[in-house]
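Enquirer: Listed below are the residues making up each chain.
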Amino acid sequence: MIYVGCDVGSLSGEAVIIEDDAIVMHDIIRVRTRPEQTALEVTQKALAKAKMSFDDIDYCVSTGYGREKIPFAQSSISEISCHGRGAQWANPSVRTIIDIGGQDAKVIRVDKYGYMVDFVMNDKCAAGTGRFLEGMARVLGVELEDLAALSSGATSPVALTKTCTVLSQFEVLYMLNDGVDKINIAAGINRAMAERISKLAKRVGIREGVAITGGVAKNFAVVQSLIEVLGVEFVSLGDVDPQIVGALGAALFAKERWQKARQREATPAGGNKDTKNVCT
Amino acid sequence: MLILGCDVGAITTKTVIFGDDGIVAYDITANNGNLTKVVEKSVDNVISKAGVSLDGIDVKAGTGMGERYIPFDHITEGIIKCLAVAAHRIHPHTRTIVDMGGLVTTAISINEKGKVLEYRTSDKCASGCGFFLRLAAQALEMKVEDFGKLILPYEESAHMGTQCAVFGESEIVSHINDGVEPEKIAAGINHSLGRSVTTMINRIGGIKDIVATGGVAKNKGVIRAIEETLGMEVITLSSIDEQLLGALGAALCAQQRVQQG
Amino acid sequence: MAEYSDRKDRTITTRWQITGDLAKFILTQDLTHLDDWGGKEAVREVLPEHYQKNFDLVQTDLVNCLLEEKNRKTAMGFAECMGNWGDWFHSQLDQGKKVIYHYFVHTIEPMLALDLAPLCLEVLSGLSAALYTDGCEEGIDTMHAEGYPDHLCSSNMGGAGFLLKGYVPQPDAFLKGTTPCDPSNRVYEYLAHKFNAPLIVVETPYYMNERALKFLTNEMKRMIGKLEKIAGKKIDEDKLRESIKLSNETGEYILKIQELRKLVPCPDTGWHRPADTIFTAQMGTPFSRDYFKGLYEVVKERADKGQGVIPEGKKEIRLAWGYTWECFDLPFFNWLENKHGAIYTEDCLTLFPADYAMIDTTNMETMIEGLAQRLMQVPMARQAMSWSDTWINDFVDVARAYKIDALAIGGHMACKHFWALNKLLTDKVKEKTGVPALRFEMDMMDKRFTSPSELKRIMDDFFATF
Amino acid sequence: MTAIEELKKLPSREKNPYIKEWKADGRKIVGFTCHYAPKEIFAAAGIFPYRLEARGTKETGLADVYYHRFNCTYSRCILQEGLSGGYDFLDGVCFLNGCEQIRRMYEVWQEAVPSTDYQYMVTVPHSIYDEGFEWYKEEIFRFKEDLMSNFSLRLNNSDLQLSIGVYNESKHLLKELYELRKADNPPISGTEAMKIIFAADIMPREKYNTLLKKSLKQIRSRDGIKDYKARIMIGGSPLDDTQLIEIIESLGGIVVTDTLCGGSRNFQEFVEVEQDGDPLAAIARCYYYSNPCPRMLGHFKSRLQYTEKIAKEANVDGIILQRVVFCDNHAVENTMLTDELEPKGIPVLNLEREHMLTDVGRMRTRIEAFIERISRR
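Residue numbers (the numbering used here), protein chains in the order written: chain C, 1 to 280; chain S, 1001 to 1261; chain U, 2001 to 2466; chain W, 3001 to 3377.
It should be emphasised that the hints constitute simulated quantities derived from the structure, not laboratory data.
This structure is a prediction, so every number in the text was calculated from the model and none was measured.
One or more of the hints may lead you astray.
Here are some, though not all, of the chain C residues that point toward chain W, as calculated from beta-carbon distances under 8 angstroms [to be verified]: (1) Y65; (2) I77; (3) S78; (4) E79; (5) W89; (6) M116; (7) V240.
For each residue, glycine too, the CB sits at the ideal point set by N, CA and C.
Use the sequences and the hints to build the structure in full.
Expert: Below, the structure is given as C-alpha cells:
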C-alpha cells in the first residue's frame, strides 16, 4: 500500500511517500504563491523520483499551514500532531519534540504511541521562529544555511534585547555598523533563538527523549545553544531529515486512516459510536 | 554657500547639496550592510552630480537614526526639527507634517513660523511603516512601487487586522490562500497603513495644511486612504522628492546656525 | 562593616549591603572618575577583595555619575540608607522575624511596630535595576518562563522572579492594597497562591472623600488585625508612635525638598527621584529619615546660594515627567542636566500632595486614621485609585508650580492606566498651561525595552525642537 | 422567523429593532460595561439596560487616538464604537471599575462622546467580604437615586420585585438551556447557544424571556448532535460574538459550556428578597457575592473551584482559555488555572487573540491540534 503525507508550511513544502512501514521517497521545495501549487509540485517530484503517479496513492493526508487547501488529500491533520507522530516513529524513545518552522515555534509532547499529549505554540510574536533567523541572515548578508557556521568560534556572543523580529534586525544592523564582529552577532542570534524557544519549552515541560525538527534543526549552532539552555541532549532521528518529519507523520496517519476506513467497511453498522475515539 | 545635508534613515540614506538658489543635487541610496560606506557612496554621488569636491562644501550637516555613522565632521541636527524646517520652507502653509519613513512614522504639528509645537512617533512597532510595505510586497511578489497604483475603496479591499508586521505577512499569505486577488490585498495594506497614520495625525489634532513626506508618501494608495479616513486633503510636495526633507532640513538648520554664527 | 551572608535566600539583600559599603569606600577615595585610576578593570584590582565581585555587577556609568561633585554627598546618603537597611533586615531575619512582602505604596509602620520584617517587592526590582548591569532582568525572565506575559509590570515581575528563584527569603505573608492596578494585584495573587502564604488585602476605595477615609480607616484596622495574627502578638502602640514620628519627620523633609525643587534654578538633581521612591517605601525607619534629611541639607544649601545643578552658562530647561521615572539608567538624569541643561523636577511617583498627612500620634485612633490618609495620598495610589482628573490636575498644578517648559513622558509599557489617559493628560496640560508634551514608550525597569541609548536619542531629537 | 432564529439573528446597536421600538415610546436606554451593573434596577425604572459590546468592529483607529496599542482591543473596540457614533442611541452609560482599561474609558467618553449626556460610575470593591458588600450596596443605592433624579423617574419596591422576578426567570431559563447542552448529544451547538445567550443583554428582558421559552421548547424537540470529536468548555476574557466558537466547532469540537462573564457566570445566583427585606440590598448581594471575576483579589481558589465544577457538570474533554492580548487579569488567571487543571488531567489550551479575530490560520492550527489531542481520550 502507498501512503503519502504532504506538509505545506509557510516557507517550504515537503512530501513523504511510505510503503507499508518504510519511507520510499521524500522531497522538499520552497513554497509557491499558493499552497495547492506547492503541494502538487512537491508531491509530483517525490512521486516521479519514486517512479510512481498519483494513481498509485492509496491514501494521502495533508498537514501544515495550507493543509485544508490540498485537493488530492483525503483528509488533513494539524502539523502539531504530525510532527509528534513522525518524530516518535523515527525514534521510538522520543517524548518531546521541538519544532521550529517558518513563523511558528512549537514544543510537542507525545506518548509512547506517538500521539500528542500536550503542546505549546508561539502566540502573538514571531520571535524565535524561522522568520527571525531569515531576517537576521538577510541583515548579516549571509545565506540562512551559513548562519550556523558563521557563529563558530565566537568569543563573546552579543545580547539581543529586542523581541520583535523586525526591530531586532535593525538592532543587528547598528551592531554591524558599530563594528561588532559578525561571528559574535551570529552567535548572539542563535543564542537569542534558543532562549526564546526554551521559554516555550518550559511551559509544557520537557520529558526525556527530546527531538528537534523543522528547518532550523539543521542549524547546528541553534541546536547547540538549545542543548546548553535546556540542559538536555537531543536524540537522533536516524536518517530521517528533520525537515520532513511533519510530512512523515502525515503519511503515517494516512496509513492509520486507510486501515480504519477498511475496518469500517468490514463492519458497516455502529459507525457513530466510536467517533469520539477516532483521531480525525 | 554650499551646504551638504545627509539623512541616514532606517532603509535609505538621503543626501542633498543646498546652494543659494535651492537644491543643487541630491542622492538616495539604499542602506545595506556598512552604513559608513553607504554614506560615502551617497555623498560621492551627490558631489559628482553637483560637480564639486567635498572640500568645496562650506557646511556639512547630518541627521536621522544612523547619523552617527557619517564619517566626516558635520553639524548634528534633530530629525524632527529638520522635517519641520524643510516642510515650512517648501510649503509655508504647512501646519502638520506626517513623515512616513522606513521604520518610524512621525506626526508633527508646527506653527506658522515652522516651529515644532508637538509631535508623536509611531513608537516601538514596525506595523504601519515602510518596512511593512516591503515585507508585504515580498509576500505578494510585487514591487513596492506598484503598491501605490492599487487604489480601492476600503470596503472593497481585503481587511488587514493584525498589528504585527511579521504576522501581517502571514495574514497576507492566508488571504492569498483564500484566493483573494493580490490587488485587493495590496489595497487593503494601503488602507491599514493609511488608517494607522490617520490615528497619529489625530493624536496631535491634525490642522491643515497637512503635508506627507518620507518614502511611503510616494504611495498614492496610502495617501488616498489617509484622506478618506481623515476627511482632509493631504498634500504631497511636487517640487521635491518626498524622501529628501530630512536631508534638506539638516542643510537649512545648519545654514541658520552658520548665519547666526 | 556588617557581616555578609552567603545564604542563597539573602542573595539580593546581601548584594545591597556590599554595594552600600563598596560605594562608601569608593566615595571616600580621591577619585572623580574611574578613568582617574585607569578605568573599571584597574580600579577593581585595587579594591579590597570582598568588593570585587560586587563591583563587577555595578553599572560603570552609575559609579562615574555618583563620583561627580554634585552627586557625591547624596550618593553617600543613598549608600548608607541601603547598607543600613540591609544590615537591619538581616538582623530581623536572624531573630526569626516573619517576612512580609508588601506593595510599595504601603506604609510599613504597623509592620515595624509588630516586629515583622517587611520587604517591598517593587524595591527588589527597582534597586537591582538601578544598580546592576543586568538589572532585575533575571527575575522578569523567570516570570516569563512561568508563562506570565510581557505586558505585566516589570516592577512586580523582577521581585517576583527573585522570589521564585529563591534569592530572597520565603514569604510568611503578602500585603497588597487593591490600588493601583490589576497587573500588580494579579502578581501578588499568583505569589500568595504559589507559596501558599496568606494574602492580606487592603481594600482601597475609588474616591478620595470622607466616606472613603472612613472606609479606609476601618481597612487599616482589619489589616493590623491580620498582621497581628501573623506576628502572634498585639501591636505595640509606643513602637507604632515611634515609627510614625520617624515617618512624619521624613514626610516633612520630602515636602520641603519638593518646595525647593520649584525654585529657579532648580537646586535638586534628577537621579534622586527614583531613589526617593525607593526609600519612601522604608518611611518609618531611621535610614529613610536620614536619607531624606541628608538630601534636604544638600538641596537647601544650594538653594540658599541660589545655585542650580546644571553646568555654568547653560539655559535651564525644566521638565516634569508626567508619569514614572526610569531606574535602569540613573546617569540618564545626570546626562539630561550636563548635556541639555534639562532638569527633572517631578514625576508621578514622587509627587506628594502638599497636604500629605502629618500623622497625629495622640492615640491609636488618630494614628490609624493618619495611616489611612497616607494610603490615599501616597504617589501612584493617589493618581491610580480615582478619577483621571486627579492625575491630570496634579500635573496641571505641577506645570504651573514648577514653571515647567515641557512634560516629558516615558509611558511605562505595562501601565494600562497611563495609556488610557495619556491624551487627556497631555491635552489638558497643554490647554491649561500651554506646556507641550513628549510621549514615548519605555519600561521603567527593563532597559531591554527602550535602551539608554535610544532614550538619549529620543531626548536629543526632542531638545533639538526647542 | 422562529424564536431561535430571532434570538440568533438579533443585530446589535443601531440595527437592533428593539432600540428603535423602545425609543419610539420615549423610553430610555442606558448602557453598562460589566457584570456588576445592577440590571434589575434599570429595568424596574423602565430603562432598557444595554451591555456595551463591539460586535463586528473591525478597526480601532479613532480609539487609538486616545488609547494605545498597550490597551486591550476589547476596550479599544468598544471605545471605537462610542467615538464613531455606534452608541449615539444611548441616553446614558453606567461605567464600573471592572478593570482599569474599561474604567478609564469614563473620562474619554465624557470628553469625546457628546451624544451620551448621562454618565455614572459604580465602583465595586476588589475583594469579597462584609464591609466591601456594605460599600457596594451603598454604591448601588446612590446610583439608583442618581438615575431616578436624572431621568426624573420613580421607583418603588414592587417595581423592583417585578423586575427581579423577570431577571430571575431569565436565569432559570438560561440554566435550563445550559442543562440541555450537558447531554451526551446536545440538541444545540455552542455557536447557536452563545448567540442566544448574548442576545439577553441587548434586548428587553421580558421579551427575551418569552422568546427564550419558545426556543427552549423547539430545542428540546430536536435530535442531539452526535458527530463531534470533543466536548469543550470556553473561558477567559469577555466574548461578545461567536467567531471563535464557530472556528472551534468547524474543527469538530462542540462548546457545551463556559465560565464567561455574560455566559454561565450570569445566572448562577438568584436575587432573593427575604420577607420585607430590601430588594436593593438583595440585588447588591446577588451581584457582589456571585462567583468572582478575576479582578477580585484573593479569590483564585473559588474561581478554580467554579471552573472545575462547571467543567465536570458538562463532562468536557478539554478547556479553551482564551484572552485578549494585554488583558492582564485573564492573562494571569488563565496561566494559574492551567497550572492547576493540567496536573488533574484536565487538558487546557491557552489562546491569545485580538478582539477582532485576526491571523485565523494559526488560530485554527492550535485549536485543531488541541481537539486532536483531547479527542483521543
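Enquirer: Regarding the hint that S78 (chain C) lies at the interface with chain W, is the smallest CB-CB distance below 8 angstroms?
Expert: Holds, because the Cβ-Cβ distance from S78 (chain C) to chain W comes to roughly 4 angstroms (cut-off 8 angstroms).
Enquirer: For the hint on E79 (chain C), just tell me whether its beta-carbon gets within less than 8 angstroms of chain W.
Expert: E79 (chain C) check passes; min Cβ-Cβ to chain W is 7 angstroms, inside 8 angstroms.
Enquirer: Let me know if the C-beta of M116 (chain C) comes in closer than 8 angstroms to any C-beta of chain W, holds or violated.
Expert: holds (5 angstroms)
Enquirer: Report holds or violated for the interface hint on V240 (chain C), using the least CB-CB distance to chain W and a cut-off of 8 angstroms.
Expert: violated (21 angstroms)
Enquirer: Holds or violated: the hint that I77 (chain C) contacts chain W, with Cβ atoms closer than 8 angstroms.
Expert: Interface hint status for I77 (chain C): holds (7 angstroms vs cutoff 8 angstroms).
Enquirer: Does the CB of Y65 (chain C) sit less than 8 angstroms away from some CB of chain W?
Expert: Given a least distance of 6 angstroms, the restraint on Y65 (chain C) holds.
Enquirer: Against chain W, run the beta carbon of W89 (chain C) and see if the smallest gap drops under 8 angstroms.
Expert: violated (16 angstroms)
The structure fails hints 5 and 7 (numbered hints given earlier, in ascending order).
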